[in-house]
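Chains as they are written, first to last, in the numbering used here: chain A, 531 to 853; chain B, 16 to 297.
Incorrect hints may have been included.
Said to hold, decoys possible - Cut-off 27 Å, straight-line C-alpha distance, at most; resulting in silico cross-link-like pairs (DSS-like, lysine-lysine):
{"hint": "1", "chain 1": "B", "residue 1": "K62", "chain 2": "B", "residue 2": "K279"}
{"hint": "2", "chain 1": "A", "residue 1": "K786", "chain 2": "A", "residue 2": "K717"}
{"hint": "3", "chain 1": "B", "residue 1": "K62", "chain 2": "B", "residue 2": "K281"}
{"hint": "4", "chain 1": "A", "residue 1": "K807", "chain 2": "A", "residue 2": "K573"}
{"hint": "5", "chain 1": "B", "residue 1": "K40", "chain 2": "A", "residue 2": "K786"}
{"hint": "6", "chain 1": "A", "residue 1": "K639", "chain 2": "A", "residue 2": "K825"}
{"hint": "7", "chain 1": "A", "residue 1": "K787", "chain 2": "B", "residue 2": "K103"}
{"hint": "8", "chain 1": "A", "residue 1": "K654", "chain 2": "B", "residue 2": "K252"}
{"hint": "9", "chain 1": "A", "residue 1": "K654", "chain 2": "B", "residue 2": "K254"}
{"hint": "10", "chain 1": "B", "residue 1": "K115", "chain 2": "B", "residue 2": "K40"}
{"hint": "11", "chain 1": "B", "residue 1": "K50", "chain 2": "B", "residue 2": "K104"}
{"hint": "12", "chain 1": "A", "residue 1": "K561", "chain 2": "A", "residue 2": "K573"}
{"hint": "13", "chain 1": "A", "residue 1": "K787", "chain 2": "B", "residue 2": "K104"}
Since the hints were made in silico from the structure, they are not lab data.
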Amino acid sequence: MILQSLDFEKPIVDLEDRLDQLRRADDGKDKNVREEAGKLEKKIAKLRKEIFSNLTRWQTTQLARHPNRPYMLDYVNLCFRNFLEIHGDRLFRDDPSIVGGFAELDSEKVMLIGQQKGRNTTEKISRNFGMAHPEGYRKALRLMKLAEKFRIPVITIIDTPGAFPGIGAEERGQSEAIARNLLEMAKLQVPIVVLVIGEGGSGGALALGIGDEILMMEYAIYSVISPEGCASILWRDTAQAETASEMMKITAQDLKKFGIVDRILPEPQGGAHRDHKAAADTVREALLESLASRKSLSVRKFLDRRYAKYREIGRIKKKAGGA
Amino acid sequence: MAIRLFRRKGEGERKIKTPEGMWIKCNACLETIYKPEVERNLNVCTKCNHHFRIPALERIRTVVDEGTFQEFGADLESVDMLVFTDTKKYTDRLKEAKKKTSRKEAVITGNARINGIDIVLGVLDFEFLGGSMGCVVGEKVAVAAEQALELRRPLIIFSASGGARMQEGTLSLMQMAKTSAALARLSDARLPYISVMTDPTTGGVAASFAMLGDIIISEPGALIGFAGPRVIEQTIKQKLPEGFQRAEFLLEHGMVDMILERTKLKPTLTQILRFLESPAGK
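Let the sequences and hints guide you as you build the complete structure.
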């Protein structure tokens, strides 16, 4: 996979290229070269820290959409074993933008369901860029009900620009499919752990997003509408997407403050796309912890907590003075 | 999800204009109609049957038994939690909406009776920021569902909304989860929930409580959908078919249970409530 770089990553990548050249030129005899390389490494680390500790929300948005970012199926390969994909909603068709099936996380059996954007052009098209039709959400629900029946916890992985806005999607009830999942997930009698790995795009993300614990990668975003969509509606100018992303407060850090996200999973230096394996290790451990913490709870108890969690989000305690 | 709330200039909402006194022009059929007659007809055009959008209070007046509506949650007001400014400050948009509607938020909730049957009622107000769902709308709808559960009464919600309120960001999105979770409890308690979708019901409201009714009713011609027509056109780069996303289109595709003219609403709601009424106690 060719590593592509974002504009603000360029200074880091340039230094890394120089370091690379230096190393290749190094025959092991010249002490100066080694010293130079050491200095360069330090410089890279410092620059990276500088850039990544001051990311704007727009830069985070770009990271969340980075073409080299690990996708759902990368995590499936790196974190889980014995994945057995199950297809179709048994009503209309199989929607490849949502992937689901049996999986094992260490010794834990889980029902794994997530959105897959597609890496190359062919896959992007077949997976509709991760934008599901109603049948995708209905497949997800079918698998969740199956998990409930056999008392297997559910893990969902979110990475979508949004539910697909198209004629067929509307004809087959996009809003009904999303709404149904929200209602059913609120009362599903097995634990649900939700992980946002890239883009949490609106209702299309939320339709897989109701759970007992919401985990979010450090540079993922989760929003009510894409920054571009928001800009075109409120500013009537998509060029204002950057401003819209700042206004909407869509990063993991923002959402933790609002009580929407429970845990932020730190990404490897420079973002998950720089080291899929390291990102996957963090994810694996976090998911295991989440599952373990739910094990001792009775169904009644975790359902009550799940309800209370959503009941509290954005709750206005008393009337606002003045405003 | 969130759909454009404000119309561009000249786009022309189909509402009643009053050119001169008692005679008005219907924007759907362009006929001149007699205003008092239209009002008596519950704001439905007497010539072409076009259902004009009506304010929430007007809706309540025409559906519930006179004098039975008791509002709750009227004091809840939105807080600008994101400190959001687009071309205007969110706080200014709220102020304007309050002034325009004399209401504090985009939904009115309360207890009421329909032909003697006790119900809990929620009515979204499109005049207040396009009926958009922020934290207060989510809260009030959830409280209405909880109230219905506690009093063991049916819940009826009239929707009219562009979707989630962008100015409250992901918090608005989460109101879809909150309202749906509250309805899940109502459903498990086997209490009826009737959703009436009026023009327009789209975005996050359609994709949450509006589509979750045991019975889903729509008014004729109402625009109902997940994505707005413009977004779809831009995405697929095709012109949309005539009647796309109108109530009749949804009925044809099996997404709504029935379309009722405004004059038929109250008697049919009564019939449904009586049919779904559970025997005393359980």
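Practice item. Please write out, lowest number first, the hints stated earlier that are contradicted by the structure. Key: When the structure is compared with the hints, numbers 5, 11 turn out to be violated.
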